[in-house]
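Participant: Residue numbers (our numbering), protein chains in the order written: chain A, 6 to 156; chain B, 6 to 156; chain C, 898 to 1313; chain D, 898 to 1313.
Calculated from the structure, these hints are not laboratory results.
Incorrect hints may appear among the rest.
As the list claims (entries may be wrong) - Which residues of chain D face chain A? A partial, calculated answer using Cβ under 10 Å: (1) Arg935; (2) Leu1225; (3) His1242; (4) Asp1245; (5) Ser1247; (6) Thr1248; (7) His1261; (8) Leu1266; (9) His1270; (10) Ala1275; (11) Asp1299.
Unchecked claim - Distance condition first, Cα-Cα at most 20 Å in a straight line; then the derived EDC-like pairs of lysine to aspartate or glutamate: (12) Lys133(B) - Asp1165(D); (13) Lys1034(C) - Asp1050(D); (14) Lys127(A) - Asp1228(C).
Glycine residues also receive a C-beta, built at the ideal position from the N, C-alpha and C atoms.
One-letter residues, chain by chain:
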Amino acid sequence: MPVPEVQFDELYRELILDHYRNPRHRGTLDDATHHAEGLNPTCGDEVYIDLVLDDETVQQMAFEGQGCSISQASTSMLSDMITGKRVSEARDITKKFEDMLVAGQEPDPEIGDLEAFQGVAKFHARIKCATLAAKVLEDALESPVSAQRGG
Amino acid sequence: MPVPEVQFDELYRELILDHYRNPRHRGTLDDATHHAEGLNPTCGDEVYIDLVLDDETVQQMAFEGQGCSISQASTSMLSDMITGKRVSEARDITKKFEDMLVAGQEPDPEIGDLEAFQGVAKFHARIKCATLAAKVLEDALESPVSAQRGG
Amino acid sequence: MTIDTGRIREDFPILHQEVHGRPLVYLDNAATTQKPQRVIDALVRYYQRDNANIHRGIHQLAVRATEQYEATRSRVASFVNAPDPRGIVFTRNTSEALNLVARTWGDEHVGEGDEIVLTVMEHHSNIVPWQLLAQRKGACLKYATTTPDGRLDIDHLRSLITPRTRVVSVTHASNVLGTITPVSEIAEMAKSVGALFVVDAAQSVPHMAVDMQALGCDVLAFSAHKMLGPTGVGVLCAPPELLESLPPFLGGGEMISVVREDASTWADVPHKFEAGTPNIGDVIALNAALDYLEELGMDAVREHERDLTAYALDRLQSFGGITIHGPLDVDERGGAVSFSMDEAHPHDVSTIVDGHGVAIRAGHHCAQLLMRHLRVPATTRASFYLYNEPREVDALIDALEDVRRVFGHASARSAV
Amino acid sequence: MTIDTGRIREDFPILHQEVHGRPLVYLDNAATTQKPQRVIDALVRYYQRDNANIHRGIHQLAVRATEQYEATRSRVASFVNAPDPRGIVFTRNTSEALNLVARTWGDEHVGEGDEIVLTVMEHHSNIVPWQLLAQRKGACLKYATTTPDGRLDIDHLRSLITPRTRVVSVTHASNVLGTITPVSEIAEMAKSVGALFVVDAAQSVPHMAVDMQALGCDVLAFSAHKMLGPTGVGVLCAPPELLESLPPFLGGGEMISVVREDASTWADVPHKFEAGTPNIGDVIALNAALDYLEELGMDAVREHERDLTAYALDRLQSFGGITIHGPLDVDERGGAVSFSMDEAHPHDVSTIVDGHGVAIRAGHHCAQLLMRHLRVPATTRASFYLYNEPREVDALIDALEDVRRVFGHASARSAV
Ligand SMILES: Cc1ncc(COP(=O)(O)O)c(C=O)c1O
Ligand SMILES: Cc1ncc(COP(=O)(O)O)c(C=O)c1O
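Start from the sequences and build out the full structure, keeping to the hints where you can.
Facilitator: Given below as structure tokens:
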């Protein structure tokens, strides 16, 4: 079988497949202070994020979801990256991650391992898979649980 | 100005233009026993027919309407043709007139002057103009005025 | 920049044919325009290279088709200066776009005794959807009239607008009279009472630069087939927030987010309003039409048509025995010229003119209210576009002489 | 007569291209099919020679366009053996056709507490219009389930039908499972309680001989783009008397008889349901697609796809680690083959397969209810048409091996 022209190793980097197989921070948080969920209607990927924010810091993050390797691995890796970071830093990382994917910018050193997703930018149909976690996280950072229960 | 390929004299025979300019039996009948009206929605031609039927014979016909030379002249000529004829003959003439126009048949001698409309069959967009009167007449022959008032 | 029709006509293969042994003179552009080879090529290219269903596909063809389809959406938004591409919905035609608004916005916001203000010169497509709405809701319709010289009677329109007015929907350019309406002025009237302001731009967007935001309308609707594009594509433009606030129009694939047994949630706009597989090929080809128009420049198109219309009005007036319906001042009108000939009915005119290879239209032009208002059963209409030339007006006039020969001959004879 | 794909493929220019450096293998035919050159030529011919607006024009081009447009209508009627060409309405797609029925027949005949019977394998286009109707009217929806081997559970469907059933609407062939449903049997059930019987034939008319009158349905809907025709044309077939009894759907030009200020009367069917300028060019090109299919013969098309599907099922089954959704008996199914691979999500499968030039689809296929019923988030689907060959199935299997290499590699490593 001839090797295809497309370099899948660029897309499916080992780190990504590892997070897909062994997701970090998977689950829910009983004491979550913030929560959001998101769906990618064009492909059915789902992501649910629980956060414990305290003192303007992300103390904990947990997620559930289903979908492709890109959507699930990116959520897992984001959770690793932002745990323990200040809320403003978490926002910054998320934004820079999206810039790399959507605007095709070179990865900022601040996004760390997330640069593994750089190859996704070339696969137009898959960019949304990678930005889903970022969008839900941004949403969660703004969405206190009490307000949801109250509303 | 060069003469066009299309032979308009086939379409606009003198007899047709004469009926258009000088319509016979134009008007309404106070003592009409039958009535019908029709509209050609694609071009706006209108025809209203009053009949006095007696003893299975068309004693009188009168029409009003507006529209192109073909629709108005054909109504006028039909009124000439069927006045004094038995209802069954009137139906027959109408049917044979339509056969010539729609099915492209050679004119039956029974239709008399109406054969002047034979050229219309070649002008597809105008066939409906010529069949309007026939359709309204067929309708009128079936539509007693009392039934209309009663209904 | 002016229009060089000699060069332009090379781009339109359909124009180079004979009809009844005479060179085709196509003067039925208000009904639909012809297509440059570039638009035809775009269709061919799409079907020979990129055809796939859009939005959900991961494979190459689906990616290409989706990107080209969405590229047209952005291009359309900038062509009419709409606020956002997310506010551009592709429909089948102008008619469907107007029905969409009447069904969704109308059913939500119009109630018993509310008023919908139109004009007597509207195309049926901008009347019937509102009539159906009015019947569903018990609302009432009011029609602004025209002045004797064929302009919109703006004072009459103003007098119809009341606090009960929920919708004002007017044509930007009449397909019968040619009349261009003062849309910005009407926008203010509509805004002052909080009414939705809809503009039927089917006869304006193809012929002049239209800036939706400058006009100040809420909704703009037009058809691709009247502006060099293929049949089967209409455009509805509105602010995305307006569309977001509306219930769905048609249900089906592509317009949903989550479907459950009893109920569903909707995709983001504009997809919420594009149920099922869209007319992908023709939307993509519309982009080539916009290319073509932008390269010429809409101001040049407008100028060319104005000159040609002036020439046509001139020749028709000096022909004699002809009544022109609509303004004579070419600054107040587009290139649709309707007229009545004393001696012959419009259908007879049209048949004889066709025999000369000249394509014009005769009838009520989907404007029966206006016909009644003008007290004519029908009119004859010549309408121009960017590829038409003065010699084609001459050909029309020659053909009208033949009408006079046929019908005048008869009256001469009947006088014997 | 059997299908000679070698010869047929010559007619489809799009198939002769490379994608990512590999020959294109197009296996996404349930989404949309490719077009033979003859269909593309029909579009070109129309726009280069005959383009005009239809029905109202007297000039040559309008006469030609009208005659060709109406010729397609008659041709479609005979293609599916519909009772009368006057019962053929051209819409944008299957979705719009189903919405039309739900809006017009539904709003007239469905009331509170009435029941609409569907199946869990319906496409969203045959669910959402009925949901919207049910919400407007307070009606309720019931879904027949499938058997474990992916056929329609006909006993369950029978048990759902009651005297309150007003509409039964089912797919003739599932776009996910491939399942062909026993339409004539369902027709009798629907008829026995006086319900309207609607068949979504989007996946059957393109792939087998369909005789509407033999099936015994009231309404049949399908899309041109799934049967070699251009995008932008759907077909609704019904007896003309049924259509005549319905209120209008969209209002506008062409669908009226007389327009007055307060109300209007409607044109005869089918024109009453075709508001505004139709998609003339694409309707005319559909005729060329029907030509092509009729020359091959729908039975030959069916046989070819059955053989290819059998081969594909065979190779997928022996590949291992793959779950096939839908019947394995090729007499009970069409050529849409959905499957799940143990090691990778459908989107990942689809991306890697695309890298091999093979176009398949991954996702919910507009059938979220069915996905939930199957307890999968999405599936991978290969779907065949008359130009596909066994070697293309082989190419898919090769590509799936690469999926296993990429994803299996990972699991091997993570096991270290
Ligand atoms: C079974 C079925 N019904 C309906 C549809 C909708 O067709 P369209 O998108 O052309 O409206 C499809 C196409 O995806 C289908 O497969
Ligand atoms: C002013 C106006 N509005 C609306 C329409 C309807 O356009 P369409 O037939 O493309 O829906 C037309 C075209 O005839 C028109 O001229």
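Participant: State for each hint whether it applies.
Facilitator: Cross-check of the supplied hints:
no., hint, result
1, Arg935, "violated (31 Å)"
2, Leu1225, "violated (25 Å)"
3, His1242, "holds (4 Å)"
4, Asp1245, "holds (5 Å)"
5, Ser1247, "holds (8 Å)"
6, Thr1248, "holds (6 Å)"
7, His1261, "holds (5 Å)"
8, Leu1266, "violated (13 Å)"
9, His1270, "violated (14 Å)"
10, Ala1275, "holds (5 Å)"
11, Asp1299, "holds (7 Å)"
12, Lys133(B) - Asp1165(D), "holds (14 Å)"
13, Lys1034(C) - Asp1050(D), "violated (43 Å)"
14, Lys127(A) - Asp1228(C), "violated (51 Å)"
Against the hints set out earlier in the document, violations occur for numbers 1, 2, 8, 9, 13 and 14.
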